[in-house]
Amino acid sequence: EAGVVQSPRYKIIEKKQPVAFWCNPISGHNTLYWYLQNLGQGPELLIRYENEEAVDDSQLPKDRFSAERLKGVDSTLKIQPAELGDSAVYLCASSLGGGVTGSEQYFGPGTRLTVT
Amino acid sequence: GNSVTQMEGPVTLSEEAFLTINCTYTATGYPSLFWYVQYPGEGLQLLLKATKADDKGSNKGFEATYRKETTSFHLEKGSVQVSDSAVYFCALSVDSNYQLIWGAGTKLIIKP
Numbered sequence: 001e002a003g004v005v006q007s008p009r010y011k012i013i014e015k016k017q018p019v020a021f022w023c024n025p026i027s028g029h030n031t032l033y034w035y036l037q038n039l040g041q042g043p044e045l046l047i048r049y050e051n052e053e054a055v056d057d058s059q060l061p062k063d064r065f066s067a068e069r070l071k072g073v074d075s076t077l078k079i080q081p082a083e084l085g086d087s088a089v090y091l092c093a094s095s096l097g098g099g100v101t102g103s104e105q106y107f108g109p110g111t112r113l114t115v116t
Numbered sequence: 001g002n003s004v005t006q007m008e009g010p011v012t013l014s015e016e017a018f019l020t021i022n023c024t025y026t027a028t029g030y031p032s033l034f035w036y037v038q039y040p041g042e043g044l045q046l047l048l049k050a051t052k053a054d055d056k057g058s059n060k061g062f063e064a065t066y067r068k069e070t071t072s073f074h075l076e077k078g079s080v081q082v083s084d085s086a087v088y089f090c091a092l093s094v095d096s097n098y099q100l101i102w103g104a105g106t107k108l109i110i111k112p
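Residue numbers (my numbering), protein chains in the order written: chain H, 1 to 116; chain B, 1 to 112.
These are calculated hints, taken from the structure and not from any lab test.
Just so you know, these numbers come straight off a predicted model, no measurement behind them.
Some hints here could point you the wrong way.
[As the list claims (entries may be wrong)] Simulated restraints, written as ranges between beta carbons of each label pair: (1) H/44 <-> B/29: 37 to 45 Å; (2) H/74 <-> B/39: 32 to 40 Å; (3) B/63 <-> H/3: 18 to 26 Å; (4) H/11 <-> B/83: 24 to 32 Å; (5) B/11 <-> H/3: 21 to 29 Å; (6) H/61 <-> B/46: 22 to 30 Å; (7) H/83 <-> B/107: 25 to 33 Å; (8) H/15 <-> B/46: 29 to 37 Å; (9) B/52 <-> H/52: 27 to 35 Å; (10) B/59 <-> H/22: 39 to 47 Å; (11) H/114 <-> B/111: 39 to 47 Å; (12) B/42 <-> H/74: 42 to 50 Å; (13) H/68 <-> B/11: 39 to 47 Å.
Note that beta-carbon positions come from the ideal geometry of N, C-alpha and C, so glycine has one too.
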């Protein structure tokens, strides 16, 4: 079974440029998460989808970040314009969701973003 | 509020040593508890989990017991290997939507 797929793995851009990250979750997983992970810290949730609906985007900086999951499968996270402080690893995760007890999240390898 | 506290790293041990990484939590309700591991250059992987008090999660020689009375979920392994070198994250979730609350991570370094 394929895991969570993310691309690209690495991205270097100049500040003020746009950038997009793509995620394909595990087949059958209804819940999709985007996290930001700074070096030496735990992941911070940016947004959570249940199917195509964003049910928790309270931590997403909406002035520059946007996300979509149009058909309830793969998802795109965009930053426009990027700032130096956005340099981090962006993680995508998926889970069965639907209130399944103990349903764990499966993570992709992440996209390491460097803003110069 | 809900939170997770882990022992600070790095933790440096020799091969075959006994490992304990402490994790304590604060939560409303009855959380599920998780340990995730992140090997160098890789994504987070679920190591083990426990969903109710006194449950013991185990995997790859690692164990952790959900202790409600001490609000703890300490990770242990009897004999570590160099390949166990990684960052270990303790996490909890308290609702059916499974938003995870994460600890800061503990870096483990095993020397041959």
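Index of numbered hints that the structure contradicts, given in increasing order: 1, 2, 10, 11 and 12
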